[in-house]
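Undergrad: Spelled out, the chains give:
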Amino acid sequence: MSADTPVDAVELTSTSGASAFSPDNPAPVIEPPRARTKRTPRATRTNFELYGWLFMRLSGIVLVVLVLGHLLIQLVLDGGVSKIGFAFVAGRWANPFWQLWDLTMLWLAMLHGANGLRTVINDYAERDATRSWLKALLYTATAFTVLLGTLVIFTFDPNIQ
Amino acid sequence: MPAGTLYRGREGMWSWVAHRVTGVLIFFFLFVHVLDTALVRVSPQDYDKVVATYKNPVVNLLEYGLVAAILFHALNGLRVIAVDFWSKGPKYQRQMLWSVVGIWIVLMAGAFYPVLQHSLRILFGS
Numbered sequence: 001m002s003a004d005t006p007v008d009a010v011e012l013t014s015t016s017g018a019s020a021f022s023p024d025n026p027a028p029v030i031e032p033p034r035a036r037t038k039r040t041p042r043a044t045r046t047n048f049e050l051y052g053w054l055f056m057r058l059s060g061i062v063l064v065v066l067v068l069g070h071l072l073i074q075l076v077l078d079g080g081v082s083k084i085g086f087a088f089v090a091g092r093w094a095n096p097f098w099q100l101w102d103l104t105m106l107w108l109a110m111l112h113g114a115n116g117l118r119t120v121i122n123d124y125a126e127r128d129a130t131r132s133w134l135k136a137l138l139y140t141a142t143a144f145t146v147l148l149g150t151l152v153i154f155t156f157d158p159n160i161q
Numbered sequence: 001m002p003a004g005t006l007y008r009g010r011e012g013m014w015s016w017v018a019h020r021v022t023g024v025l026i027f028f029f030l031f032v033h034v035l036d037t038a039l040v041r042v043s044p045q046d047y048d049k050v051v052a053t054y055k056n057p058v059v060n061l062l063e064y065g066l067v068a069a070i071l072f073h074a075l076n077g078l079r080v081i082a083v084d085f086w087s088k089g090p091k092y093q094r095q096m097l098w099s100v101v102g103i104w105i106v107l108m109a110g111a112f113y114p115v116l117q118h119s120l121r122i123l124f125g126s
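So the sequence lines, in the order shown, correspond to chains A and B. Under this note's numbering, the residue at position 150 of the first sequence is numbered 150, and the numbers go up by one with no gaps. Under this note's numbering, the residue at position 61 of the second sequence is numbered 61, and the numbers go up by one with no gaps.
The hints are simulated quantities; they were obtained by calculation from the structure and are not laboratory data. Don't take every hint at face value.
Sample of chain A residues at the chain B side, in silico, Cβ under 10 Å [stated by the list, open to error]: (1) 49; (2) 56; (3) 64; (4) 79; (5) 100; (6) 102; (7) 109; (8) 116; (9) 117; (10) 119; (11) 142; (12) 148; (13) 151; (14) 157.
Quick look at which bits of chain B chain A covers, simulated, 3 or more residues with Cβ under 8 Å [said to hold, decoys possible]: (15) 14-25; (16) 51-62; (17) 91-97; (18) 108-117.
C-beta atoms are modelled at their ideal positions from N, C-alpha and C, and glycine is treated no differently.
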């Protein structure tokens, strides 16, 4: 024991224990580990991830019909890939039913795929900057592709030349 | 190992891995496919020139691979929905995966000739 330590200070910590705490000498407050403090990020109070999860399942069911039907027509029936060409596309898009089919398939597949890739990026890109850039690229490519595809379906001209 | 990607192995993990891999591949194809289809707005000649690539036997084989990826993703996706919404889904997830694999094999066998007939005719004559 060093010479400048008061004798009664040693007495308090070594022999009193919990019984030393009283209304006049309260125990130190221990902050609960999950308490919200000034440094806690603000809670994002939306159900975005729930709706994303539900969208994947609902769009998935519709896409099974739309995409497998599309594959059947394009790659299986009537000679497979041999028949595909401008004239074949023109013939199909002459019918509004197939225009609507392709438009719905385009939007659902792109949003389904974009949300899937968003999940993959969130899982594997650990650096904040990398994650942000990859998602910005993903959202840009998705918006571009959806808008381009929509424009093509609506402005298709079978007599372009 | 990246955070949040630990899984428990066996059918549950590998079907999840295959679902991811096929999903990413399909998304990249979809991106390219919308771009090539957009050529119908340029000219019939440009569109047909790009579609000729799809008729190359090597690319035709890749189309069979695309069908394989889409069929697995579709069938396993229905299994995921059953696991999530059917009360006995988690209990039978393994049996459902092997059903998916079985149906996938049957459909892939059935799609072999229709999808590849174009290349088979080129390579072996009609």
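Undergrad: Decide, hint by hint, whether the structure agrees.
TA: Here is how each hint holds up against the structure:
1. A hinted interface residue such as residue 49 of chain A counts as satisfied when its beta carbon comes closer than 10 Å to some beta carbon of chain B; here the least separation is about 13 Å, so the hint is violated.
2. Because the smallest distance between the Cβ of residue 56 of chain A and any Cβ of chain B comes to about 8 Å, under 10 Å, the interface hint for this residue holds.
3. Taking 10 Å as the C-beta contact cut-off toward chain B, the hint placing residue 64 of chain A at the interface holds, the least distance being around 5 Å.
4. At about 7 Å, the closest approach between the beta carbon of residue 79 of chain A and any beta carbon in chain B falls short of 10 Å, and the interface hint on this residue holds.
5. Restraint check, residue 100 of chain A versus chain B: the minimum CB separation of about 16 Å is more than 10 Å; hint violated.
6. The beta carbon of residue 102 of chain A comes within 9 Å of a beta carbon in chain B, closer than 10 Å, and the hint placing it at the interface holds.
7. With 10 Å as the threshold, the beta carbon of residue 109 of chain A comes within range of chain B, its nearest partner Cβ sitting at about 6 Å, so the hint holds.
8. Proximity of residue 116 of chain A to chain B holds as hinted, the smallest CB-CB distance being about 5 Å (cut-off 10 Å).
9. Residue-level restraint check for residue 117 of chain A holds (minimum Cβ-Cβ distance to chain B is 6 Å; threshold 10 Å).
10. Interface hint status for residue 119 of chain A: upheld, as the beta-carbon distance to the closest one in chain B is roughly 9 Å, under 10 Å.
11. Hint status for residue 142 of chain A relative to chain B: holds, with the closest Cβ pair at about 9 Å, below 10 Å.
12. Below 10 Å, beta-carbon pairs count as interface contacts, and residue 148 of chain A has one with chain B at about 6 Å; its hint therefore holds.
13. Interface restraint check: residue 151 of chain A against chain B, minimum CB-CB distance 8 Å, threshold 10 Å, status holds.
14. Hint status for residue 157 of chain A: holds, given a least beta-carbon distance of 8 Å to chain B, under 10 Å.
15. Check on the region 14-25 of chain B: 3 of its residues sit with their Cβ under 8 Å from a Cβ of chain A, so the three-residue criterion for coverage holds.
16. Counting residues of the region 51-62 of chain B whose beta carbon lies closer than 8 Å to any beta carbon of chain A gives 4, which reaches the threshold of three, so the coverage claim holds.
17. Residues of the region 91-97 of chain B lying with their CB closer than 8 Å to a CB of chain A number 0, which falls below the three-residue condition for coverage.
18. With a threshold of 8 Å between beta carbons, the proposed coverage of the region 108-117 of chain B by chain A holds, since 5 of its residues qualify and at least three are required.
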